[in-house]
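Asker: This is what each chain is made of:
Number of protein chains: 4
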Amino acid sequence: MSGNKPIVISAPEPRSLDLIFTPDKLAQLRAKYEIVETSAADVAQLDGSVLAGARYILGQPPLSSETLARLTSLRAVLNVESNLQDNMPYDEVFGRGIHVLTTGAAFALPVAEIGLGFALDLLRGITPADTGFADGTEQWGGDGNAQARLLTGADVGIIGFGDLGRALTRVLAGFRCNIQVHDPWIAPSILRDHQVIPATLDTVLAQSDVVFVVAAVTTDNRGFLGADAFAQMREGAAFILLSRADVVDFDALLDAVAEGHIIAATDVFPEEPLPTGHRARTLPGLLRSAHRAGALDVAFKQMGDMVLEDMDLMDRGLPPMCCKRAERETAARMRSRPVDKN
Amino acid sequence: MSGNKPIVISAPEPRSLDLIFTPDKLAQLRAKYEIVETSAADVAQLDGSVLAGARYILGQPPLSSETLARLTSLRAVLNVESNLQDNMPYDEVFGRGIHVLTTGAAFALPVAEIGLGFALDLLRGITPADTGFADGTEQWGGDGNAQARLLTGADVGIIGFGDLGRALTRVLAGFRCNIQVHDPWIAPSILRDHQVIPATLDTVLAQSDVVFVVAAVTTDNRGFLGADAFAQMREGAAFILLSRADVVDFDALLDAVAEGHIIAATDVFPEEPLPTGHRARTLPGLLRSAHRAGALDVAFKQMGDMVLEDMDLMDRGLPPMCCKRAERETAARMRSRPVDKN
Amino acid sequence: MSGNKPIVISAPEPRSLDLIFTPDKLAQLRAKYEIVETSAADVAQLDGSVLAGARYILGQPPLSSETLARLTSLRAVLNVESNLQDNMPYDEVFGRGIHVLTTGAAFALPVAEIGLGFALDLLRGITPADTGFADGTEQWGGDGNAQARLLTGADVGIIGFGDLGRALTRVLAGFRCNIQVHDPWIAPSILRDHQVIPATLDTVLAQSDVVFVVAAVTTDNRGFLGADAFAQMREGAAFILLSRADVVDFDALLDAVAEGHIIAATDVFPEEPLPTGHRARTLPGLLRSAHRAGALDVAFKQMGDMVLEDMDLMDRGLPPMCCKRAERETAARMRSRPVDKN
Amino acid sequence: MSGNKPIVISAPEPRSLDLIFTPDKLAQLRAKYEIVETSAADVAQLDGSVLAGARYILGQPPLSSETLARLTSLRAVLNVESNLQDNMPYDEVFGRGIHVLTTGAAFALPVAEIGLGFALDLLRGITPADTGFADGTEQWGGDGNAQARLLTGADVGIIGFGDLGRALTRVLAGFRCNIQVHDPWIAPSILRDHQVIPATLDTVLAQSDVVFVVAAVTTDNRGFLGADAFAQMREGAAFILLSRADVVDFDALLDAVAEGHIIAATDVFPEEPLPTGHRARTLPGLLRSAHRAGALDVAFKQMGDMVLEDMDLMDRGLPPMCCKRAERETAARMRSRPVDKN
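Protein chains in written order, with the working numbering: chain A, 2 to 343; chain B, 2 to 343; chain C, 2 to 343; chain D, 2 to 343.
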């Protein structure tokens, strides 16, 4: 009888159950739990018995202290959008031992793979070389390789070492790069254990042939990569932006590319979609991607898998481990804007 | 006194000493050996004492039995163009214990890196996504990812497992692919030892998401990848041609792409440069590269390093090991055309 | 002025500050913090201002709710013995956001290395072969290898997949083993991500050539490996016990070895020291180690490093990440006995 | 009809067909070839038609120029004992393009695995710790670990970098060692490509925590590791001898161990079996193995697999690649004594 199933309040917008679960997994979810589907805005209005019985919330609805007090059985908020908003009293949530979980790690591998693709494209000129065929300007053999460089053995910098930074080191495994990482939130020994070298921001910028930026936006780091940062980079180095446009001074980035000092690729822009006529649309030396790096169907479906596995652990009285836990110390400091489309 | 130095006959066309040696290494070469610079066509006309004293030939000049008989001190022909021509009596050469060495392995890593770049480009649509920005047709987020796929965990096929195939497995190391390899010249246990699965050509074609072709042209395999081969491939699979156009029926390849059955990338073409107006220049679903995959300066300079290291071994009465040795059994069966430009 | 330094209450018994810190690191600790050295039993009697000002406790003293209430600045209990005792009100501790941290991960690599050493010793008979030389009974060449087997490519089972299980997979990296893991507290996708195969206990026992036991003792698993378990194992398989004797029925283990059904190595015993005359002391087919697997000086010193790094993170308002956090769900379920000697 | 099968002359002593082929593989061999079984001493007396028709010789019989001249169809001598004797006119053999192949690579992995076992045993005192249990002298916990060290991150030296040296780097893959290699027959770039550091003998000796000796005996290196070599080693370093006793001054080795300057393990001895009462039998600090490192059944069977695979390649007009080829330059310089027992 469904009355005995644990209740899951589902408000995963902008995701949907069909987006994050395969049909099989969705059937498993429905077989095991009673799913109460609503919208984030309406969670507070749910029937008291639903709130009192809810073991999990799927989504990131705003929760007041009052609503939270009524969620007496709640074990976890599973935020499948994955960018934390400051829309619930985190101290109370954590004080009660309720987990706040995010599934952004599912994006790590897709983003890392395209990030490596960007790096190889920039180092070898793959996209401009292809484009040249259309108008007969392609250059053959070594003539086309004046700027071409190997990634193997290169000095690589990574700024930010969460799931995405780690996924980058995985796809780079075969390249024997010298990898320096800057992330002030990560202990140096953890970095060394991942076989990367802890470094200051200045060192990473000044001593890398390729810089990957995968840092989330926080209260501390908005726009921390500006004109000075780009000026420190090696002549001709590649700058690859994979997290959020807000961590860079985007105009300064475009200037550094326009001057020919660096080359760059970006998956994110200050405005999305980018306005018609924006100079970034045609700037040579810039490789563009329309916020597509993570949004693969396989990543969304992995989110559903992570959710099911962690709910299974929590059902058995064990701590969750597939999703990432929001931390009491930093939950309120995250500022990467949630997406409004998948 | 230079008279005591071993003689090296240098006729490395289309390479040059400056192309394959850094200034430092060239100085080392000149300090250690007496370099007699000539052209391939003129080797036979060299002074008898030069021929008699020559320990090494740098290049691949035509050698008659008569000339060979006069090269009484010869230990090795170091072919830095690297495609073997059938222009010397190999049986006599090998019978005398003269090594015929090629430096093509220096191209393996550059080709493998761009090959991986092509694969990521095809799987994620990197080039067309960038191109879309110019005319405002780019698609944002998941909308642009309908065909996008991960390489991690994919079924990968490699046709040909010389230096290039091995370099591919190296750059693929972080992707945990299921790699099947077809190469009838390689023993299955050697393939398994490289952690790839020996497979028939049909299996590689039919069971791969990405197929890399890195087989050299031989007397046995001209045009062995034709319409039937492409028809066997999975719908939407990626075909990446990195060795020589002669191993495929190029028109059949373009047809398979034009029909939308597969997507493809190629670094080589039946005619190079490709004629103006050739349909390959603008065919959607095809990523083009103008025979640029290997011709990096760093690869040419590595050739010089390999040559110096192997001459040092041979000077000490040891077998060479950096360059690849032409084999008595197969030297005359190789048919990849030498390049006429670097 | 020292009055401005954060207070650390130090009661790390049976460890000592000199055991876990190098002189340099101890100087760093003293420079940065005011260290109040006491014993676990005396913590509750400390001056109120010390309790109120203490940011960290080094050790695992018993804490009553009353004492805890006075520790108003406490951010973390850093348990450097590392086996959790049920001697503090964990719910209140966690409710206040105080971290309970353990440093047992420092033992993982030493234990994994000796565990691999045990495996190679058992598979190749290293110890008995050496012993044979003393009395002239050594067997030469293939004669001594009737039971000898390779580890490369073997079926390996790991029971328990905490830090120690992960360290085992690291030292096994070069052996291309087929690794099956049983750990009901770990999500299957986490295991797969570590490139091991999730499996039931029965499967691990029945399908392995070598079984490593690295599971901690919990309220659920005392003596869970008994006569039935050993009977399921392959004839001649190797059983290697690295965690705690309490997870096995030790007599049943010795019986299985005595019968010649399996061979085994153990670092732990039901009584330590083992009584004189205990049959385990001389049983053939058993390799013995006197609880020495983890207790290396380098491991103790790493504990100090972990403590310093995590205190630095917490000082900066960031979550700790080097030590392992006790979990609200499982802290009270751990039953591995603390050691009373280092 | 068997008359059409290629002839194989079989004289593999001290191996036998049953030792090196599984029943299945032996059946394959007999189905494909006509096997003429004889002894090494009797090959020259074989019927002229057998000699004229023999495509392969399995073994290493003495061959005079006269006999060789009668072996008109010979493609390869497959030496399954694997230590080259100077018992055939190598120049004529190589001049005719006949391959001389050895299967010693089959021993590489068994030797590397036990070599790693020796290293872990020495670093952690596994064997003496076990022995202590018999007489109640075992030391518990950290008390027994005064000399214990980790292999992870250690400085490792390897002397000789043939198949065995490479296999060592494979089993060491998980240990993140700093590996320096001395092998004057190997080009430095080849070493670097295997991610080890080329070094002089002095550097390897003086800067390693563990030294593995896997160099074969040649005309150049008999006894090259003597008292001076051991004196250069770090205090307490481990010396592990896996190739042949003839490369060391064995008495000097025992002296260095007896003085407590180094610890050591050896699989080989100047006399085998070792005389009764030899001091090496009971010397503390020495771990002994009775030439058992390679002689595993699985290694012998792999030899048969290698032979079959290479004969298949040569049958198809391709060069062999599984066995190692004797080199024209060095064949006559090898001096590792053949074994007379398996």
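These are computed hints drawn from the structure, not numbers from a lab.
The structure displayed is predicted, hence computed values, not measured ones.
Fair warning: there could be bad hints in the mix.
No copy is singled out in the list; a pair is fine if it fits within one copy or between any two copies.
[To be verified] As a list, the in silico DMTMM-like pairs of lysine to aspartate or glutamate whose alpha-carbon atoms are at most 25 Å apart:
1. Lys302 / Asp144
2. Lys302 / Asp19
3. Lys33 / Glu310
4. Lys325 / Asp87
5. Lys325 / Asp313
6. Lys325 / Glu310
7. Lys6 / Glu330
8. Lys342 / Asp164
9. Lys302 / Asp156
10. Lys325 / Glu272
11. Lys342 / Asp203
12. Lys26 / Asp194
13. Lys6 / Asp256
14. Lys325 / Asp194
15. Lys325 / Asp92
16. Lys26 / Asp229
17. Lys6 / Asp298
18. Lys325 / Asp164
19. Lys33 / Glu330
20. Lys325 / Glu236
21. Lys6 / Glu260
22. Lys302 / Glu272
23. Lys325 / Asp48
24. Lys342 / Glu260
25. Lys342 / Asp136
Asker: Give a verdict on every hint.
Answerer: Right, here's what the structure says about each hint:
1. Lys302 / Asp144: between (45 Å within a copy, 16 Å between copies)
2. Lys302 / Asp19: within (9 Å within a copy, 51 Å between copies)
3. Lys33 / Glu310: Cα proximity of Lys33 and Glu310: one copy only (12 Å, versus 42 Å across).
4. Lys325 / Asp87: This pair counts as within: shortest intra-copy Cα distance 17 Å, inter-copy 27 Å.
5. Lys325 / Asp313: Both ways: Lys325 and Asp313 sit 15 Å apart in one copy and 22 Å across, limit 25 Å.
6. Lys325 / Glu310: both (13 Å within a copy, 21 Å between copies)
7. Lys6 / Glu330: Classified as between: cross-chain Cα gap 21 Å, same-chain 34 Å, threshold 25 Å.
8. Lys342 / Asp164: within (22 Å within a copy, 39 Å between copies)
9. Lys302 / Asp156: between (34 Å within a copy, 20 Å between copies)
10. Lys325 / Glu272: neither (28 Å within a copy, 41 Å between copies)
11. Lys342 / Asp203: Answer is neither: 35 Å inside a copy and 42 Å across each miss the 25 Å cutoff.
12. Lys26 / Asp194: between (35 Å within a copy, 20 Å between copies)
13. Lys6 / Asp256: Neither. Shortest intra-copy (58 Å) and inter-copy (46 Å) distances fail the 25 Å Cα cut-off.
14. Lys325 / Asp194: Both: 20 Å inside a chain and 15 Å across chains, each within 25 Å.
15. Lys325 / Asp92: both (18 Å within a copy, 22 Å between copies)
16. Lys26 / Asp229: Classified as neither; 49 Å inside a copy, 36 Å across copies.
17. Lys6 / Asp298: Classified as neither; 29 Å inside a copy, 52 Å across copies.
18. Lys325 / Asp164: For Lys325 and Asp164, both the intra-copy (9 Å) and inter-copy (18 Å) Cα distances are at most 25 Å.
19. Lys33 / Glu330: between (33 Å within a copy, 22 Å between copies)
20. Lys325 / Glu236: Result: close neither inside a copy nor across copies, 38 Å intra and 36 Å inter.
21. Lys6 / Glu260: neither (62 Å within a copy, 50 Å between copies)
22. Lys302 / Glu272: neither (27 Å within a copy, 45 Å between copies)
23. Lys325 / Asp48: Answer is neither; intra-copy 30 Å and inter-copy 40 Å both fail.
24. Lys342 / Glu260: neither (34 Å within a copy, 32 Å between copies)
25. Lys342 / Asp136: between (36 Å within a copy, 22 Å between copies)
In summary, the structure is inconsistent with hints 10, 11, 13, 16, 17, 20, 21, 22, 23 and 24 from the numbered list given earlier, while agreeing with the others.
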